[in-house]
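Here are the chains, one letter per residue:
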Amino acid sequence: MIPELGNFSVMLALCMALAQSILPITGSFTRNSRWMALARPAAAGQFVFVSFAFGCLIYAFVVNDFSVASVASNSNSTLPLYYRVAATWGGHEGSLLLWILMLAVWTFAVSLFSRQLPDETIARVLGVMGLISIGFLCFLLFTSNPFDRLLPAAADGQDLNPLLQDFGMIVHPPMLYMGYVGFSVAFSFAIAALLGGQLDSAWARWSRPWTLVAWMFLTLGIFMGSFWAYYELGWGGWWFWDAVENASFMPWLVGTALIHSLAVTEKRGSFKNWTVLLAIIAFSLSLLGTFLVRSGVLTSVHAFATDPRRGLYILIFLAIVIGGSLSLYAWRAPKVGLGGKFSLFSRESTLLVNNVLLLTAAATVFLGTLYPLFLDALNLGKISVGPPYFETVFVPLMLPVLLLIAVGPFVRWKSAPFADVAKRLRWIALATLIFAVIAWMSFAPSAMVVMGVAFCAWILLATASHVLERLRHAPAGTSLWRRIRSQPRSYWGMIVAHAGVGIFVLGVTMVKGTETSNDVNMRVGDTTSVGEYVFRFNDLQQVSGPNYTAMRGTFEVTHNGSKVATMTPEKRVFTVQRMPMTDAAIDRGFARDLYISLGEPAENGSWVVRVQHKPFVSWIWGGCIIIAFGGFLAASDRRYRLKARKRAQDVASAVAINAPA
Amino acid sequence: MKTRHKRFALVGVGLAVLGLAAWLILSAFQKNLVFFFTPTQVFAGEAPQGRTFRIGGMVEKGTLVHQPDGLTWKFIVTDMSKTIAVTYRGILPDLFKEGKGVVAEGKLGADNVFSAETVLAKHDENYMPPEAAYALKKGKEANAAQQPDSASAVATDSAKGAK
Chain A
1 MIPELGNFSV MLALCMALAQ SILPITGSFT RNSRWMALAR PAAAGQFVFV SFAFGCLIYA
61 FVVNDFSVAS VASNSNSTLP LYYRVAATWG GHEGSLLLWI LMLAVWTFAV SLFSRQLPDE
121 TIARVLGVMG LISIGFLCFL LFTSNPFDRL LPAAADGQDL NPLLQDFGMI VHPPMLYMGY
181 VGFSVAFSFA IAALLGGQLD SAWARWSRPW TLVAWMFLTL GIFMGSFWAY YELGWGGWWF
241 WDAVENASFM PWLVGTALIH SLAVTEKRGS FKNWTVLLAI IAFSLSLLGT FLVRSGVLTS
301 VHAFATDPRR GLYILIFLAI VIGGSLSLYA WRAPKVGLGG KFSLFSREST LLVNNVLLLT
361 AAATVFLGTL YPLFLDALNL GKISVGPPYF ETVFVPLMLP VLLLIAVGPF VRWKSAPFAD
421 VAKRLRWIAL ATLIFAVIAW MSFAPSAMVV MGVAFCAWIL LATASHVLER LRHAPAGTSL
481 WRRIRSQPRS YWGMIVAHAG VGIFVLGVTM VKGTETSNDV NMRVGDTTSV GEYVFRFNDL
541 QQVSGPNYTA MRGTFEVTHN GSKVATMTPE KRVFTVQRMP MTDAAIDRGF ARDLYISLGE
601 PAENGSWVVR VQHKPFVSWI WGGCIIIAFG GFLAASDRRY RLKARKRAQD VASAVAINAP
661 A
Chain B
1 MKTRHKRFAL VGVGLAVLGL AAWLILSAFQ KNLVFFFTPT QVFAGEAPQG RTFRIGGMVE
61 KGTLVHQPDG LTWKFIVTDM SKTIAVTYRG ILPDLFKEGK GVVAEGKLGA DNVFSAETVL
121 AKHDENYMPP EAAYALKKGK EANAAQQPDS ASAVATDSAK GAK
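In order, the protein sequences belong to chains A and B. Per our numbering, the first sequence runs over residues 1 to 661. Per our numbering, the second sequence runs over residues 1 to 163.
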């Protein structure tokens, strides 16, 4: 009964989405304010119905209703409760409903926090979001309904893929989807602006905080996926240039370009066309990511059983959205205008270079990810493009970006004297150079590592010096806290995010350049070493978990004779799917991780063991979190809220004046 | 500088950057394309010597052996028509099993043994790597072309293997 209610609720949500899109958009052109006013309540209604449907699906998973097909194929009665809840989005159908739920949440949030927007704009923005929602709801209802019944009902479920039975499964998909779907807001704002032909700095100011929040979620989602793969897949990699990862990375790159371009449009009114185009591309790539991951053209942890109907549907949907929005862009963009002028050396030009580089990087990832699929689809042979391609191409493209991250904030808008910027940065450049030489003499084993740490120093020092310069500009006697508070949050957001990039770069270079790994054959009592750490295989025992049995090794790690850690890697076999899984043991530290994975037992009772020493790997995660926090700070800037309040006051006072007459 | 000159300079710099990027990308792309060959193709000598490529198929039952050093594995990959011997040093993926699909990336040695640098298995029990399935399908076709009589028997066999 409950699943049928959920199904019905999805249908009602579809009706709401129809009402939310067609009427308000039509109304915005015919100036029918009643039709336009429908957008907000319809968005609220859609949110309620989609949430209810999602609740129904979670309920079906929680009570182990194996008469529902998606429950039977993704859950099991022995699965702990929290994984049963997470299993809701463990399969294709449920994850699609999660996508739709996220869209409904974003739509509802836009309808709530947009009181300051003109009626026409909000009608169009919500209308476009409704159109996207219609596409996805139809996809769900016609090709992948999570409420489909299974007759006769299964006695028990096929269980959630053991790789997915992890805390990461609870956090990673919702975060990532919040990011993906969040770009639909920027997209809808862009389409609404194109429809109305109005594109000004107010438009940029409205869509900027939404884009920042979406970008923050995407950053966290990608970080979480990488962090999860690192400890879960059992061999210590954290980024594989796998097509599914690339699918999330492309919108991130374009999204990063977009938030920088939005800054120019808001501050100076320039780059309008460009910003709109980026918003369209960012969301299109999010859709493409969904297509890649969900249509079954790729095999990975993320891909589910293939159904050609689904792939075709998403492909058509993609063609309509991308084709439609680009045609609209081609038709309307010339009217938008170019905006303020700027000189060759200015904040605008540095941001333009940043945008070009980021977009080129996204294009290279696009080529490497889609070219093999394209060839395969045309039956021209099977090829794959491995990590070496991405590394050789991506790194050189990012080097100027890293250089500019430090320079950009020092460059003034409109026009900046080059000599002045050079003067302010010369000591930083010198310090970076000295630091690089010291690194070269002391610890760095390769030119790549020297370059990585030098870039980290360059970014951190320049960013810190920019902060000092800013804080110094205050009347004497101002307290430090007051000085810090006097800078807007968006400034702090930029500073924090840039510093995060520096930390991230350090982590990546140190791991890539100085990690060591050792595959050895060990029996209980043997020792091996990696880096300066000695690992002793002390014990091997059979243990059993709630839905698996495992062999657990106990290793004692010593460094210069003193004990550092006891680590217990496991080799698990899950009882339902009879699937073996390596559960690696990780000893995390500030400046290094130790990583042990247990391989296969040999006939004579010895085990293949991989021990790894990974310097500064935590800095990668730290950097990502700091970058995301920067996005949060920037999105919470006062001016976005202040404008809202001021506009509301103006309206209130206008009403008060008019009332007596 | 006049505005027009500046604009030219900007466009010029942009084009130069794009050109450089395009050159970088295409040359790296050329170098790092990894082609896929089925065991039959490798047997026919279509695969390049000394360059990394991928093979796929099914791990033949009863062929997986541990070498004396305790770290190196040797097994045979088949597409039901031809076979190829593979060596791999290190930890095999969790879902690597005899009688299941596999894709390996590495180089072909002079002794016609494929030494794999990476072995990819699937992430999930239920699915076959598409490349492995493709190799089995091709192998089946090759068999059908060679021995029209026994084709049906082989076909059912490999269909079972693909499931």
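Please keep in mind that the hints were generated in silico from the structure rather than gathered at the bench. Beta carbons are placed, not taken as given, at the ideal position from N, Cα and C, and that holds for glycine. Please note that the accuracy of each hint is not assured.
Subject to a maximum C-alpha distance of 16 Å in a straight line, what follows is the list of computed EDC-like cross-link-like pairs (lysine to aspartate or glutamate) [claimed, not checked]:
(1) A:Lys563 x A:Glu600
(2) A:Lys423 x A:Glu469
(3) B:Lys74 x B:Glu46
(4) B:Lys74 x A:Glu603
(5) B:Lys138 x A:Asp376
(6) B:Lys31 x A:Asp587
(7) B:Lys107 x B:Glu60
(8) B:Lys137 x B:Glu117
(9) B:Lys82 x B:Glu60
(10) A:Lys341 x A:Asp200
(11) B:Lys61 x B:Glu98
(12) A:Lys267 x A:Asp376
(13) B:Lys100 x B:Glu141
(14) A:Lys382 x B:Asp69
(15) B:Lys74 x B:Glu117
(16) B:Lys82 x B:Glu141
(17) B:Lys82 x B:Glu46
(18) B:Lys97 x A:Glu600
(19) B:Lys138 x B:Asp69
(20) B:Lys74 x A:Asp119
(21) A:Lys382 x B:Glu46
Ranges of calculated distance between the beta carbons of each label pair, as one might list FRET restraints [to be verified]:
(22) B:Glu98 x A:Gly381: 46 to 56 Å
(23) A:Gln542 x B:Glu98: 54 to 64 Å
(24) B:Ala144 x A:Met1: 30 to 40 Å
(25) A:Ile170 x B:Asp69: 33 to 43 Å
(26) B:Gly12 x A:Asp200: 29 to 39 Å
(27) A:Ala429 x B:Arg4: 25 to 35 Å
(28) B:Thr87 x A:Ala591: 47 to 57 Å
(29) A:Ala447 x B:Thr87: 29 to 39 Å
(30) B:Gly12 x A:Cys138: 28 to 38 Å
Chain A residues, not near chain B, derived (Cβ > 12 Å throughout) [to be verified]:
(31) Asn64
(32) Pro162
(33) Leu277
(34) Ile320
(35) Leu328
(36) Arg332
(37) Pro372
(38) Glu391
(39) Arg412
(40) Arg572
A quick look at each hint next to the structure:
{"no.": "1", "hint": "A:Lys563 x A:Glu600", "in the structure": "27 Å, violated"}
{"no.": "2", "hint": "A:Lys423 x A:Glu469", "in the structure": "13 Å, holds"}
{"no.": "3", "hint": "B:Lys74 x B:Glu46", "in the structure": "23 Å, violated"}
{"no.": "4", "hint": "B:Lys74 x A:Glu603", "in the structure": "14 Å, holds"}
{"no.": "5", "hint": "B:Lys138 x A:Asp376", "in the structure": "15 Å, holds"}
{"no.": "6", "hint": "B:Lys31 x A:Asp587", "in the structure": "38 Å, violated"}
{"no.": "7", "hint": "B:Lys107 x B:Glu60", "in the structure": "20 Å, violated"}
{"no.": "8", "hint": "B:Lys137 x B:Glu117", "in the structure": "25 Å, violated"}
{"no.": "9", "hint": "B:Lys82 x B:Glu60", "in the structure": "11 Å, holds"}
{"no.": "10", "hint": "A:Lys341 x A:Asp200", "in the structure": "15 Å, holds"}
{"no.": "11", "hint": "B:Lys61 x B:Glu98", "in the structure": "5 Å, holds"}
{"no.": "12", "hint": "A:Lys267 x A:Asp376", "in the structure": "46 Å, violated"}
{"no.": "13", "hint": "B:Lys100 x B:Glu141", "in the structure": "19 Å, violated"}
{"no.": "14", "hint": "A:Lys382 x B:Asp69", "in the structure": "35 Å, violated"}
{"no.": "15", "hint": "B:Lys74 x B:Glu117", "in the structure": "13 Å, holds"}
{"no.": "16", "hint": "B:Lys82 x B:Glu141", "in the structure": "12 Å, holds"}
{"no.": "17", "hint": "B:Lys82 x B:Glu46", "in the structure": "13 Å, holds"}
{"no.": "18", "hint": "B:Lys97 x A:Glu600", "in the structure": "12 Å, holds"}
{"no.": "19", "hint": "B:Lys138 x B:Asp69", "in the structure": "35 Å, violated"}
{"no.": "20", "hint": "B:Lys74 x A:Asp119", "in the structure": "70 Å, violated"}
{"no.": "21", "hint": "A:Lys382 x B:Glu46", "in the structure": "14 Å, holds"}
{"no.": "22", "hint": "B:Glu98 x A:Gly381: 46 to 56 Å", "in the structure": "29 Å, violated"}
{"no.": "23", "hint": "A:Gln542 x B:Glu98: 54 to 64 Å", "in the structure": "24 Å, violated"}
{"no.": "24", "hint": "B:Ala144 x A:Met1: 30 to 40 Å", "in the structure": "52 Å, violated"}
{"no.": "25", "hint": "A:Ile170 x B:Asp69: 33 to 43 Å", "in the structure": "42 Å, holds"}
{"no.": "26", "hint": "B:Gly12 x A:Asp200: 29 to 39 Å", "in the structure": "30 Å, holds"}
{"no.": "27", "hint": "A:Ala429 x B:Arg4: 25 to 35 Å", "in the structure": "33 Å, holds"}
{"no.": "28", "hint": "B:Thr87 x A:Ala591: 47 to 57 Å", "in the structure": "37 Å, violated"}
{"no.": "29", "hint": "A:Ala447 x B:Thr87: 29 to 39 Å", "in the structure": "33 Å, holds"}
{"no.": "30", "hint": "B:Gly12 x A:Cys138: 28 to 38 Å", "in the structure": "48 Å, violated"}
{"no.": "31", "hint": "Asn64", "in the structure": "21 Å, holds"}
{"no.": "32", "hint": "Pro162", "in the structure": "9 Å, violated"}
{"no.": "33", "hint": "Leu277", "in the structure": "15 Å, holds"}
{"no.": "34", "hint": "Ile320", "in the structure": "27 Å, holds"}
{"no.": "35", "hint": "Leu328", "in the structure": "25 Å, holds"}
{"no.": "36", "hint": "Arg332", "in the structure": "23 Å, holds"}
{"no.": "37", "hint": "Pro372", "in the structure": "9 Å, violated"}
{"no.": "38", "hint": "Glu391", "in the structure": "9 Å, violated"}
{"no.": "39", "hint": "Arg412", "in the structure": "16 Å, holds"}
{"no.": "40", "hint": "Arg572", "in the structure": "9 Å, violated"}
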